[in-house]
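A.B. asks: Produce the complete structure using the sequences and hints provided.
In order, the protein sequences belong to chains F and W.
If you read the first sequence in our numbering, its first letter stands for residue 1, the second for the next number, and so on.
If you read the second sequence in our numbering, its first letter stands for residue 1001, the second for the next number, and so on.
Quick caveat, the hints were computed from the structure, so don't treat them as lab data.
Please read these numbers as outputs of a predicted model, since none were measured by experiment.
Heads up, a few of these hints could be off.
Computed Cβ-Cβ distance ranges for the label pairs, DEER-style [what the hints assert, rightly or not]:
1) L119(F) x S1253(W): 45 to 55 Å
2) G234(F) x R1009(W): 52 to 62 Å
3) R1009(W) x A162(F): 33 to 43 Å
4) A126(F) x K1191(W): 16 to 26 Å
5) G118(F) x A1250(W): 50 to 60 Å
6) E304(F) x E1162(W): 52 to 62 Å
7) G118(F) x K1191(W): 28 to 38 Å
8) V167(F) x V1011(W): 44 to 54 Å
Taking lysine-lysine and the DSS-like style, the derived pairs with C-alpha atoms no more than 30 Å apart in a straight line are [unchecked claim]:
9) K106(F) x K1191(W)
10) K73(F) x K1191(W)
11) K106(F) x K73(F)
12) K103(F) x K87(F)
13) K110(F) x K93(F)
14) K106(F) x K87(F)
15) K73(F) x K93(F)
16) K93(F) x K1191(W)
17) K1191(W) x K1057(W)
18) K93(F) x K112(F)
19) K112(F) x K169(F)
20) K1089(W) x K87(F)
21) K73(F) x K112(F)
22) K103(F) x K93(F)
23) K93(F) x K169(F)
24) K1191(W) x K110(F)
25) K87(F) x K1191(W)
26) K73(F) x K87(F)
27) K87(F) x K110(F)
28) K1057(W) x K1132(W)
29) K103(F) x K1191(W)
Cβ coordinates follow ideal geometry from the N, Cα and C atoms, glycine included.
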Amino acid sequence: MSIEITGVNKRFGDFVALDNVNLSIPTGQLTALLGPSGGGKSTLLRIIAGLENADSGSVVIEGTEATNLPAQKRNVGFVFQHYAAFKHMSVAKNVAFGLEIRKRPKAEVKEKVEELLGLVHLSQFADRLPSQLSGGQRQRMALARALAIEPSVLLLDEPFGALDAKVRKELREWLRRLHDEVHVTTVFVTHDQEEALEVADEIVVINEGRIEQIGSPDTLYDAPSNDFVMSFLGPTTQLNGALVRPHDIEVFAHPVENGIPARIARELRVGFDVRLWVELLDAAHEEIQVTVTRATQRSLALAEGNDVWLVPTSA
Amino acid sequence: MVRTHPALRLVLRLLVVGYLVMLVAWPVGLVVTHTFDHGFTALDNAFADPNVVHALKMTAIVSVISVLINLVFGVTISILLVRYEFWGKRALSALIDVPLSVSPVVVGLSLLLVYNPINGWFGAGLADAGIKIIFSTPGMIMATTFVALPLVIREVVPVLEEIGDDQEWAARSLGASPVQVLRRITLPSIKWAIVYGVVLALARSIGEFGAVKIVSGNIVGSTQTATTVVEERYQNFDQPTAYAISFLLAFASVICIVVVAVLRPKNES
Ligand SMILES: Nc1ncnc2c1ncn2[C@@H]1O[C@H](COP(=O)(O)OP(=O)(O)OP(=O)(O)O)[C@@H](O)[C@H]1O
Ligand SMILES: [Mg+2]
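C.D. replies: In structure tokens form, the structure reads like this:
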């Protein structure tokens, strides 16, 4: 295990930001801390990095007791949501910062900076100031700067949160590839479930200062341990008093055994998915959501006003 | 930008220009023309007068020392106020504006009460130890420092607040010690705010009159400064010298402004 967090508590005044958090983060993996805003993700990450002190509990990084170690001695790379670029230094100087602090020989620093700038595709921008870069480029520079010190763990706090949707998507795919190349233990915070599912090896779901569930993306998606995790990881709808995913309901155009009779109230096509709002033909006349593929909709000739029979497929 | 009628814009422009001309340009312009009424004779005479030269020296010494003190304390207090939580922070932050709101005369009188050698709170003891504050340079430096105290802080604090502490934390996580963070990150990011603050404090210190006049005792050839010598000469009907020194004071301010304009990097707003 690369990071061991035991019994960590943190309060801000009366507000409990972290409530007895225990967590082991495996070496060499990409772990996502996922949860709603204000859940305590950044606080936990900052405690790991030493940017914040826990009220109680301990943090062990790569076998070293780090609870009382100041940030500069933890050898942790930290990437901030808003880049935290050193505005008065060139891109190359930013990346070189940690190495110069460590008094590495000039030639070695130069070589390492060139290598890292190549890795993050910023070689031609080495002499620019951060203000002359785009948001995505600035964040790649911040990443190179954090990687330069060869950190034992790399921590990213919503690294792509300030970027537009397209750049976000590009950068997270790029982060995944970079991680496969560099293999440094990485923890990143996000409140975007799609980002976590797409990029992470392991996801830690945090809500109201507590860990709700830890597991691989598949485990969390297929076997959420509670309704909170289930509804946070994807769309849900209520059927027979249970939470199910709208695409885990099979739709039939003719009566079937155990089929729940319903009528299509509305439909909305989103790309290849078709969302159906169906009214259950029981006493309550509840409306629930079902998602089918365009192909299913066409083959069954589903349309508004049709009667259908629903069968939950999962579990 | 709000669209305004061209006529209204013209009126507004005339108003602003008129205001500045009546209050600043014309009066200062008159000082300059009076100084050079008879070519350089007024300035030459002023520089030939040892008391005037001494007063100019006093102004230079007192301003430079008080600006240095305000530089060190101003930057330290700004960092404390913005980056640290401590008991009494709000009170301190409110106190800093006192020198801007209190008349310099009051500052001078209060220093006199505390440090005068006969019945001042500290003054008597210090006088016994052979240290003279009132009617001498240390008192004048204290008065000037007090009056210019908020200027560096007022420039630096907003900049520190705006840049936030992310850069400093990033540097810490990259292995920098607090001192290295200060030298490599914090000070370079507030460099220009410090320069503006110092120039403003310098201009204010050179021009200080009320507090210094009371504390210095205005002793000719000893504790007299450029501003107090202007008043003395003017009242003693030596107007050419009064104008000449006023011109020098105004000239120093213009130099300050030009220095800032030249130093200021193009891409900073
Ligand atoms: N310095 C602080 N002082 C007081 N309260 C704080 C402080 N830092 C965080 N909090 C509170 O602690 C809670 C958790 O904050 P945290 O920043 O860890 O949330 P988060 O999960 O990162 O949320 P987001 O996704 O919005 O960034 C929030 O309710 C926040 O208001
Ligand atoms: Mg956060």
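A.B. asks: Compare the structure with each hint and give your call.
C.D. replies: Each hint tested on the structure:
The hinted range of 45 to 55 Å is satisfied by L119(F) and S1253(W), whose Cβ atoms lie roughly 53 Å apart. Between G234(F) and R1009(W) the Cβ separation comes to about 58 Å, which falls inside the hinted range of 52 to 62 Å. For the pair R1009(W) and A162(F), the beta carbons lie near 39 Å from each other, so the given range of 33 to 43 Å is met. Taking 16 to 26 Å as the suggested C-beta distance range, the pair A126(F) and K1191(W) conforms, at roughly 23 Å.
As the Cβ distance of G118(F) to A1250(W) is approximately 57 Å, the hint placing it in 50 to 60 Å holds. Checking the proposed 52 to 62 Å range against E304(F) and E1162(W) shows it holds: the Cβ atoms sit about 55 Å from each other. Judged by the Cβ atoms, the range 28 to 38 Å given for G118(F) and K1191(W) holds: they are separated by roughly 32 Å. A C-beta distance of roughly 49 Å is found between V167(F) and V1011(W), which places it inside the suggested range of 44 to 54 Å.
A distance of roughly 27 Å separates the Cα atoms of K106(F) and K1191(W); the hinted pair therefore holds under the 30 Å criterion. For a cut-off of 30 Å, the pair hint linking K73(F) to K1191(W) stands: about 28 Å separates their Cα positions. For a cut-off of 30 Å, the pair hint linking K106(F) to K73(F) stands: about 22 Å separates their Cα positions. At roughly 22 Å between alpha-carbon atoms, K103(F) and K87(F) fall within 30 Å of each other, so this suggested pair holds.
Proposed proximity of K110(F) and K93(F) is supported: the alpha carbons are some 10 Å apart, at most 30 Å. Of the supplied pair hints, the one linking K106(F) and K87(F) holds, its CA atoms being roughly 22 Å apart against a limit of 30 Å. For the hint pairing K73(F) with K93(F), the CA-to-CA distance comes to about 21 Å; that is within 30 Å, so the pair holds. A distance of roughly 18 Å separates the Cα atoms of K93(F) and K1191(W); the hinted pair therefore holds under the 30 Å criterion.
Among the hinted pairs, K1191(W) with K1057(W) is consistent with the structure: their alpha-carbon atoms are about 29 Å apart, no more than 30 Å. For a cut-off of 30 Å, the pair hint linking K93(F) to K112(F) stands: about 12 Å separates their Cα positions. Of the pairs offered as hints, the one joining K112(F) and K169(F) holds, with about 28 Å between alpha carbons and a cut-off of 30 Å not exceeded. Taking the CA atoms of K1089(W) and K87(F), the gap is near 29 Å; set against the 30 Å cutoff, the hint holds.
Of the supplied pair hints, the one linking K73(F) and K112(F) holds, its CA atoms being roughly 21 Å apart against a limit of 30 Å. Annotation: proposed proximity of K103(F) to K93(F) holds, straight-line Cα distance about 14 Å (limit 30 Å). In summary, the hint linking K93(F) to K169(F) is supported, as the alpha carbons are separated by about 28 Å, within the 30 Å threshold. A distance of roughly 27 Å separates the Cα atoms of K1191(W) and K110(F); the hinted pair therefore holds under the 30 Å criterion.
Annotation: proposed proximity of K87(F) to K1191(W) holds, straight-line Cα distance about 12 Å (limit 30 Å). The hinted pair formed by K73(F) and K87(F) meets the criterion: a straight-line CA distance of about 24 Å does not exceed 30 Å. Proximity of K87(F) to K110(F) is assessed by CA-CA distance (about 20 Å); at most 30 Å being required, the pair is judged to hold. A distance of roughly 20 Å separates the Cα atoms of K1057(W) and K1132(W); the hinted pair therefore holds under the 30 Å criterion.
For the hint pairing K103(F) with K1191(W), the CA-to-CA distance comes to about 25 Å; that is within 30 Å, so the pair holds.
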